[in-house]
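K.L.:
Chains as they are written, first to last, in the numbering used here: chain Z, 156 to 261; chain F, 1228 to 1737.
Some hints could be false.
[Claimed, not checked] A few chain F residues facing chain Z, derived, Cβ under 10 Å:
{"hint": "1", "residue": "R1263"}
{"hint": "2", "residue": "I1337"}
{"hint": "3", "residue": "R1343"}
{"hint": "4", "residue": "L1462"}
{"hint": "5", "residue": "A1734"}
{"hint": "6", "residue": "L1735"}
[Claimed, not checked] With a straight-line Cα cutoff of 30 Å, these simulated DSSO-like cross-link-like pairs (lysine-lysine) come out:
{"hint": "7", "chain 1": "F", "residue 1": "K1674", "chain 2": "F", "residue 2": "K1690"}
{"hint": "8", "chain 1": "F", "residue 1": "K1344", "chain 2": "F", "residue 2": "K1576"}
{"hint": "9", "chain 1": "Z", "residue 1": "K244", "chain 2": "F", "residue 2": "K1690"}
{"hint": "10", "chain 1": "F", "residue 1": "K1674", "chain 2": "F", "residue 2": "K1688"}
{"hint": "11", "chain 1": "F", "residue 1": "K1671", "chain 2": "F", "residue 2": "K1564"}
{"hint": "12", "chain 1": "F", "residue 1": "K1576", "chain 2": "F", "residue 2": "K1674"}
{"hint": "13", "chain 1": "F", "residue 1": "K1564", "chain 2": "F", "residue 2": "K1344"}
{"hint": "14", "chain 1": "Z", "residue 1": "K244", "chain 2": "F", "residue 2": "K1726"}
{"hint": "15", "chain 1": "Z", "residue 1": "K244", "chain 2": "F", "residue 2": "K1674"}
Since the hints were derived computationally from the structure, they do not count as laboratory data. Bear in mind the structure is a predicted one, so any value in this text is a computation, not a measurement. All residues carry an ideal CB built from backbone N, CA and C; glycine is no exception.
One letter stands for each residue in the lines below.
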Amino acid sequence: MDFISILSIFVLACFVGYYVVWSVTPALHTPLMSVTNAISSVIVVGALIASAAAGSASSKWFGLVAVALASVNIFGGFAVTARMLAMYKKKERPAPKTPVESQGAK
Amino acid sequence: MEPTVTVNPWVAVAYLASGVLFILALRGLSSPATSRTGNRFGMIGMLIAVVTTLVTHVPGSLLNPTQGTLCSHPVGGGTNCHGFTYAAAFAPDWTTIVEILIAIAIGGTIGFITARKIQMTAMPQLVAAFHSLVGLAAVLVAVAAFLNPGAFGILGADGNILTVSRIEMSLGAAIGAITFSGSVIAFAKLNGNMSGAPIILPARHVINLGTLAAILVLTGMFAASAHAGPGENNLFWIVIALSFAIGFLLIIPIGGADMPVVVSMLNSYSGWAAAAMGFTLHNTAMIITGALVGSSGAILSYIMCRAMNRSFISVIAGGFGAASAVGGEAKEQRPYKRGSAEDAAFLLKEAENVIIIPGYGMAVAQAQHVLREMGDILKAHGVNVKYAIHPVAGRMPGHMNVLLAEANVPYDEVFELEDINHEFSQCDVAFIIGANDVVNPAAKTDKSSPIYGMPVFDVEKAKTIMFIKRSMSGVGYSGVDNDVFYLDQTMMLLADAKKMVEEINKALAD
Chain Z
156 MDFISILSIF VLACFVGYYV VWSVTPALHT PLMSVTNAIS SVIVVGALIA
206 SAAAGSASSK WFGLVAVALA SVNIFGGFAV TARMLAMYKK KERPAPKTPV
256 ESQGAK
Chain F
1228 MEPTVTVNPW VAVAYLASGV LFILALRGLS SPATSRTGNR FGMIGMLIAV
1278 VTTLVTHVPG SLLNPTQGTL CSHPVGGGTN CHGFTYAAAF APDWTTIVEI
1328 LIAIAIGGTI GFITARKIQM TAMPQLVAAF HSLVGLAAVL VAVAAFLNPG
1378 AFGILGADGN ILTVSRIEMS LGAAIGAITF SGSVIAFAKL NGNMSGAPII
1428 LPARHVINLG TLAAILVLTG MFAASAHAGP GENNLFWIVI ALSFAIGFLL
1478 IIPIGGADMP VVVSMLNSYS GWAAAAMGFT LHNTAMIITG ALVGSSGAIL
1528 SYIMCRAMNR SFISVIAGGF GAASAVGGEA KEQRPYKRGS AEDAAFLLKE
1578 AENVIIIPGY GMAVAQAQHV LREMGDILKA HGVNVKYAIH PVAGRMPGHM
1628 NVLLAEANVP YDEVFELEDI NHEFSQCDVA FIIGANDVVN PAAKTDKSSP
1678 IYGMPVFDVE KAKTIMFIKR SMSGVGYSGV DNDVFYLDQT MMLLADAKKM
1728 VEEINKALAD
């Protein structure tokens, strides 16, 4: 791919990001941060290329360390996001401790 | 000028698919109901990206490239790349695969266990720590590409790294390094390993701008130099070293309560670092993700700054709250009314509408669970309970929402500032727990106040204000005294937030 095609993808993706992120409900801003954290670890692609390549032992080792670091983020990021989102799920049914349903909730 | 990297179209489609799945992952967060599906899309996207990379890059595996030039000479025969190359014999290099799997297993285990065990109140630290890892990984990938450019397909015909790739990898490494050291400082401040107070160096603006300029100039020199192979050019290493330093210098003058902006900003940087490396690798998944994460962090920073009525530049310049530490003492004590848990319980039970305003103090005291119990008891008494959350409450965007969700507060009882602010005039009790600056009317009236112009809750319109605070001595982060303490309808509940709410619950049960 030439530089201009890549740049086009990048610029368009920025616009997509802009509109998608504004549509995220403020209540989910923390999960937004943790999930963006997880997906930005797609940098693992570069780390894997370095780890799989022959030709430079030091490059390979840097790659493997980067794979490990990015994996912390991928697994940790998605897991902690899932954990948070599961908390929002429980709210959909009334908490078992409330015998009287409140009339207030919008 | 580009090397002839003929990408197998299916590989490109796979990376594009993972980019699209990442977009859907963020799209899912538009409502709690769709968010879990979104998170799953994200996981699938990541799986596709990882598997695609492995099958195209591990020597001897399915779509076998040789050292970067994908498909140009298939090992062991097979067709050329335009026809979807399969290696004649499926004989992957198992040593490499095992090494990679071990690295993934080590990292994955650490990440997964941390994610399971972390307390929700510690989310800001965790996110900062995760940002630092993305940053460091970006630096390492850039270094690996510098040391073995052939593997990344960025070697020019003259045996040097392509000029445009040099700029991209050097910027990627620089942004990654800034993300890393900045996030380490943010982590230390959030985690309490380091004081949250701003550390002000003399002439810091000059130092910072000078370092940033140096990074850009050196990147330019690196791009322009005749020899840019490993060992031939030290400019790349100097750029990385300076970037580590600037990340550190940029964050130390920023105080604890400005951390929501800092954490969002570092989130944005980690995205730009990934995008820059995506440019180097010509990888659409990385570019799309980088752009998404970059804009996400930037938008969150903007939302946080707007919620404090401060410009991004003034937050980043730092130093806010440093001067006030001195000025807070010589004030005469104004009269205020102190209440007990029993008084509070009595008024709460009689109330019709109660609005609870949580702040960072609730997180520190871990009071979210007892607070929800209080809400349940009140609801059982027929009281209409709502929670009001200021965008900058806590130490990261959405921090309070997550804590309330953890405590099982239904999310339709939780409201944002602009949606609930008009309701304070019909509110019997405004219950402030661990918040301070976000209810300070000085933001509306006192032009000389450092928080003037910040949107705040109109709590003074409520019939009764209950203010849980550890003692009268401390003031909010801004260091401004709060007139709400001294209003006629204000009842100060001076105690640890968790203990006070527990006592109120006890009194309510009687």
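K.L.:
If a hint holds in the structure, say so; if it does not, say that too.
P.N.:
A quick look at each hint next to the structure:
{"no.": "1", "hint": "R1263", "in the structure": "holds (5 Å)"}
{"no.": "2", "hint": "I1337", "in the structure": "holds (5 Å)"}
{"no.": "3", "hint": "R1343", "in the structure": "holds (7 Å)"}
{"no.": "4", "hint": "L1462", "in the structure": "violated (18 Å)"}
{"no.": "5", "hint": "A1734", "in the structure": "violated (18 Å)"}
{"no.": "6", "hint": "L1735", "in the structure": "violated (13 Å)"}
{"no.": "7", "hint": "F:K1674 to F:K1690", "in the structure": "holds (26 Å)"}
{"no.": "8", "hint": "F:K1344 to F:K1576", "in the structure": "violated (37 Å)"}
{"no.": "9", "hint": "Z:K244 to F:K1690", "in the structure": "violated (34 Å)"}
{"no.": "10", "hint": "F:K1674 to F:K1688", "in the structure": "holds (21 Å)"}
{"no.": "11", "hint": "F:K1671 to F:K1564", "in the structure": "holds (24 Å)"}
{"no.": "12", "hint": "F:K1576 to F:K1674", "in the structure": "violated (38 Å)"}
{"no.": "13", "hint": "F:K1564 to F:K1344", "in the structure": "violated (41 Å)"}
{"no.": "14", "hint": "Z:K244 to F:K1726", "in the structure": "holds (28 Å)"}
{"no.": "15", "hint": "Z:K244 to F:K1674", "in the structure": "violated (43 Å)"}
Of the hints listed earlier, those the structure fails to meet are numbers 4, 5, 6, 8, 9, 12, 13 and 15, in rising order.
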